[in-house]
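S.K.: Counting along the sequence shown from 1, when you hit position 320 you're at 320 in full-length UniProt numbering, and nothing is skipped either side.
Keep in mind that the hints were calculated from the coordinates and are not lab data.
Any given hint could turn out to be false.
As the list claims (entries may be wrong) - Below, a list of computed lysine-lysine pairs in the DSS-like style, where the Cα atoms sit at most 30 Å apart: (1) K125 to K73; (2) K90 to K125; (3) K241 to K191; (4) K70 to K13; (5) K90 to K70; (6) K277 to K90; (7) K368 to K285; (8) K125 to K95; (9) K13 to K44; (10) K297 to K285; (11) K241 to K90; (12) K233 to K191; (13) K191 to K13.
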Amino acid sequence: MTLQQQIFDYIDKISNEITDIRRHLHMHPELSHQEVETPDFIAKYLEGLNIPVRRGVGGRGVVGRIEGGKPGKTIAFRADFDALPIQDAKDVAYKSTVPGVMHACGHDGHTAALLGFAKVMNEVKDELPGTIVLIHQFGEELSPGGARAMIEDGCLEGVDEIYGAHLQSQMEVGHVYGRDGYLQAAEDTVKITVNGSGTHGAEPHTGTDPILAASHIMVALQSIVSRNADPLKELVVSIGKFHAGDADNVIPEKAVMEGTIRVFDENLRSLAGQRIKDLAAGVGKGLGCTVDVEIGKGYDSLWNHPEQMELVRRAVGNSFGDGVYQDIAPIMPVEDFSYYLQQVPGAFFFVGAKPVGVENPFPHHHEKFDFHEPAMAMTAKVFAAAYLESQN
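Please work from the sequences and hints to get the whole structure.
M.R.: Right, here's the structure in full:
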């Protein structure tokens, strides 16, 4: 029996334990940057395996380290463990016990998969070349995230490559998905405050209407995508909040819009931010208003290193067969795994976790979100296959 088959068999053997870990975490979620019990649970689990652990990395992170018995590369694997401010509406035995907080994105599954992977690889460490670094990250869902703080605190020290996975409830079970280069977008926030002069709604000529100006600005913003951006490069500019006034017969003093920019290319990212400022100021001035624009920089775009992404393709193909790995188009949701990839070569990929027999599963960040739990064992196996492939 090969070492990889031995590892895969052991993962299958502890699959129920992986599920139990996930369900425990699901029942006890903690919000981003407020995690206390979750990192303690993770650290104690690893310490129970006699894996050396650093607690409080970057604030709330946990880093474990498994030293193989043979020389080789140092490879890191990352899982995030924060939850979301959403009320769990599922009717399941492992429903969240914390009002208004739930794991609605699969981070509990990522954590369980990495802990299961750690247990199995630690069991065969004497036969392993190289070193495994286990990065358990806090705060991914809420900027500034946890990745940068953990990097600054040395979680990548000595690391040659890094890999990460995200369970996807709307992707088919039994498949792994990824791509070279840009996989996930960068995100910036936009806040536009239009300042006018309030007056009675029956006498608009005696004031300056910020709602009118804001409405024209919102329409003008669409020209950034259609007329300023290269049509072969992805860009989204969306306004999701628009608030002005409190009475139907009063023109208010100001109108406030908030939205998001999603983009991959850094030059286009800068252009979009500047065009928003220019358009908002110009349109506002033309309609007698002053405008304040705030662009808040969010996560950078996630760029997979082609050599490491090819390693994942090869590992998946050799381990699970042709057709299991599939290339996909880039997506607009963001992920702070991007910062690890700015420091060391690596790759981030998706593992299909669509609930079996469900035609239209609930999306991520939905109050009834759930996923196919055996996909966690698949994630652990892909990590193991990638690790062994990286040592060749």
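S.K.: Which of the listed hints are broken here?
M.R.: Of the numbered hints given earlier, those the structure breaks are 2, 5, 6, 7, 8, 13, listed in rising order.
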